[in-house]
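Spelled out from the first residue to the last, the chains are:
2 protein chains.
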Amino acid sequence: MKATILTIGTEILFGSIVNTNAVFLSRRLNELGVDVLRHVTVGDNRGRLLKALGQAYEDCDIVISTGGLGPTEDDLTKETISEFFGRKLQEHPEELEIIRNWFESQGRVMAQNNVKQAWFPEGSEILPNPNGTAPGFYLTDGKRHIYVLPGPPRENVPMFDDHVAPRLSAHEDGYLFYKIIRTTGIGESDLETRLIDLIDGQTDPTIATYAKPFECTFRVASKRPTLKEAQDAVEECMVRIRAIVGDFIYSEDNKDLLEIVMEKLKEKGIKIACAESMTGGMFAKMITDVPGASKVFSRGIVTYSNEAKMSELYVKPETLEKYGAISPQTAEEMVRGLSINSGCRICVAVTGNAGPDADEGKPVGQFFVGLMSGSEVTVKEFRASRNNRNYIREFACYQMVKMVHNALRGID
Amino acid sequence: MKATILTIGTEILFGSIVNTNAVFLSRRLNELGVDVLRHVTVGDNRGRLLKALGQAYEDCDIVISTGGLGPTEDDLTKETISEFFGRKLQEHPEELEIIRNWFESQGRVMAQNNVKQAWFPEGSEILPNPNGTAPGFYLTDGKRHIYVLPGPPRENVPMFDDHVAPRLSAHEDGYLFYKIIRTTGIGESDLETRLIDLIDGQTDPTIATYAKPFECTFRVASKRPTLKEAQDAVEECMVRIRAIVGDFIYSEDNKDLLEIVMEKLKEKGIKIACAESMTGGMFAKMITDVPGASKVFSRGIVTYSNEAKMSELYVKPETLEKYGAISPQTAEEMVRGLSINSGCRICVAVTGNAGPDADEGKPVGQFFVGLMSGSEVTVKEFRASRNNRNYIREFACYQMVKMVHNALRGID
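Protein sequence lines, in the order shown, are assigned to chains A and B.
Under the numbering used here, the first residue of the first sequence carries the number 6, and numbering increases by one thereafter.
Under the numbering used here, the first residue of the second sequence carries the number 6, and numbering increases by one thereafter.
These are computed hints drawn from the structure, not numbers from a lab.
Hints may be right or wrong, so weigh each one.
Note that identical chains are pooled: a pair holds if it fits in a single copy or bridges any two copies.
Simulated crosslink set (DMTMM-like; lysine to aspartate or glutamate; CA at most 25 Å straight-line) [claimed, not checked]:
| id | residue 1 | residue 2 |
| --- | --- | --- |
| 1 | 300 | 36 |
| 2 | 300 | 364 |
| 3 | 228 | 257 |
| 4 | 56 | 88 |
| 5 | 93 | 63 |
| 6 | 300 | 362 |
| 7 | 217 | 294 |
| 8 | 273 | 102 |
| 9 | 327 | 364 |
| 10 | 260 | 167 |
| 11 | 271 | 362 |
| 12 | 93 | 209 |
| 13 | 56 | 40 |
| 14 | 367 | 312 |
| 15 | 300 | 399 |
Just chain A, with the same shape it has in the complex (with noise of 0.2 Å):
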């Protein structure tokens, strides 16, 4: 199968939005096994919709379109999509009757115009949305397959899921069943080596690695005529990966490192603290975007200033002056700092040179990660391949998160 990803929304050609439709559509499609060949973006524009339209079609077999459903007279993506497969829109009471309660459950009244968002294409099959007043649809002429969405993403997110990934694996003849399985700890390449002949192997289930910053996933799909066929086949596959790399899977289910830690310390009712020099906060503000982080999360320090690493985490004058705040010795007197005045039963500290420039003679990109699981420390050292200051933070971040999800593991 192959798709064109068409986004609809003049905001995005004005650069007012970013396009992360495109983003996670790409993601689930081919992880589906779709190969995406082209991402369109045009505005509410008849002309250039039905073009965009008409040159898909000409390499593809699947639009996935997002945006242009919504009540106002700018919105024409059904129009444009109804006289494109040369259908008539027709009106579904029942879908009207749901956008009315829809409307009802929020306090408000349904206004005329969100009538239009009841009529469909002749032949669509509705799509619904619980988390919005456009319903979303699929039309085909058997040959040419469009799944008209929504543009929320909070909206057309779980729709894509619901309702878009099972009818999609439908239009195989038999159904793709897969893994994402996420590791830590070993490279591309590594992975590839070790994993090779059950990669050249076999041609079903297939395996095919990707590189993540700073991780590496692979995916482990198979096709057969029943879904439970496909299951059984990519578990007695895992089987054997898992006696291979084991060791480095963190998630079988395309969890990242984050949400399994957040996860861990919730079970387990461990507290966690964090006291941050280079990252600024970016650690703390990472832990506290998942909601419910008040549950694990008691405090963050972010000592920037050399006066602060001393007055808030009591790091001794004398350890700055000798080796720097860059140093394995800072990091170990921060994190022991924080552990003192948190009580938290895992702390985490960081410091090092995000750039742009050296400071105190330490190059771009060095960095010390403390951790304090009960009164163990242990320090590491890192150095970040890429000039760059958000890839350092995000990449010192990173080693962070996986250092306490190592700690959690020594811990019952």
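With chain A's structure known, arrange chain B on it following the hints.
Only chain B this time, still in chain A's reference frame:
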């Protein structure tokens, strides 16, 4: 002028990276008065690239492409564009010398395949790239124009500003000059109402307002036979604008509020510290995103738990019990505690509910910012209009920046 933004890169079709180039280019092109009709992303694929070019010139006169200029075989942007325009590729010895020198300056030896980066279609104008190995180029057949830029933003952003923007202005008969004016404390419709006579009454300069997150921006643009005339026309118009909405303007050259605040802090030699509850480190992270933040930022304290608010910031247990953590009283005690710890001239603190659920009976989106400038404390209450965790946290950070900005106005 009408443009298609063409992104070339398989990694975008995999969803591995976000197409920030399209966002940047869209903004800049719109500011320059160029209509962006379409974004298209294709992989490193000759056929699809040729099709995309063909379709772009059906309704556009300009294509701006990014990506695919690397030294490997995958990168076939130049070959394909040469083919499309019917030109041959020619080696530019002086460019080869520049690339070789660039490698030397990095302490590396140029590989043989980098020679390819010094080949350009006949008749190209080279666009220099001081930030990488791949120069860009501009090619036209008189009717169709293409600007070909490398993929990495730190290479293509300066290339666009230094070499593409001036050429785009020259495409037009006459010179375009514009200013982007940023305001705070006034909504888009209010701004438009106040400027309506100026907006409606003239065709040049033109005034267009844009709503950005949390604030309003407008562009004043003039196209005249000489650059000087265009600049004078814009300045004349600005005199009238300043008389009407001058109080709300904080930047006349498109700098954002945080940038202005950081500059003023540096200029005045003022140190700042922050204490965050709901924003969980986001404010500290924003500040430390700016290189050189260490000159003005002393520390940030992320007190997520009540214990942390008490032990790190001396918030009284009675205050938390009587008024709750989400209260003006707690915000005030947080900022006073921070001031004691940090000794900074400006301290800012926030406490609130970022959702997803009501907390202590305080609604989602409610928050309090405490600001201490010298010995003077101000506490303000805010309520974000959307129930979206990230939006609420960003809105809170914006209000913190705004209050610091106001405080700086009162300090000589």
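Now the hints, each set against the structure:
Proximity of residue 300 and residue 36 under a CA criterion of 25 Å is satisfied in neither setting, with 33 Å inside one chain copy and 46 Å between copies. Taking identical chains as interchangeable, the C-alpha atoms of residue 300 and residue 364 lie at most 25 Å apart only when they sit on different chains, with a minimum of 13 Å there against 37 Å within one chain. When the C-alpha separation of residue 228 and residue 257 is checked against a cutoff of 25 Å, the pair qualifies only within one copy, where the shortest distance is 18 Å, while the shortest distance between copies is 59 Å. Within a single copy, residue 56 and residue 88 get their C-alpha atoms as close as 12 Å, and across copies as close as 23 Å, so both meet the 25 Å cut-off.
In the homo-oligomer, the alpha carbons of residue 93 and residue 63 lie at most 25 Å apart inside one protomer (23 Å), although the nearest pairing across protomers, at 29 Å, exceeds that limit. For a Cα distance limit of 25 Å, the shortest separation of residue 300 from residue 362 across copies, 14 Å, qualifies, whereas the shortest one inside one copy, 38 Å, does not. When the C-alpha separation of residue 217 and residue 294 is checked against a cutoff of 25 Å, the pair qualifies both within a copy, at 20 Å, and between copies, at 23 Å. In this homomeric assembly, residue 273 and residue 102 never come within 25 Å of each other (Cα to Cα): the closest approach is 45 Å inside a single copy and 61 Å across copies.
In this homomeric assembly, residue 327 and residue 364 come within 25 Å of each other (Cα to Cα) only inside a single copy, at 15 Å, whereas the closest approach across copies is 47 Å. Within a single copy, residue 260 and residue 167 get their C-alpha atoms as close as 18 Å, which meets the 25 Å cut-off; across copies the closest is 42 Å, which misses it. Proximity of residue 271 to residue 362 under the C-alpha cut-off of 25 Å is restricted to the inter-copy arrangement: shortest distance 18 Å between copies versus 39 Å within a copy. For a Cα distance limit of 25 Å, the shortest separation of residue 93 from residue 209 qualifies neither inside one copy, at 43 Å, nor across copies, at 45 Å.
Both within a single protomer and between protomers do residue 56 and residue 40 lie at most 25 Å apart by alpha-carbon distance, with minima of 21 Å and 18 Å respectively. Taking CA atoms no more than 25 Å apart as the test, residue 367 paired with residue 312 passes inside one copy only; the shortest distance there is 20 Å, against 36 Å between copies. In this homomeric assembly, residue 300 and residue 399 come within 25 Å of each other (Cα to Cα) both inside a single copy, at 24 Å, and across copies, at 22 Å.
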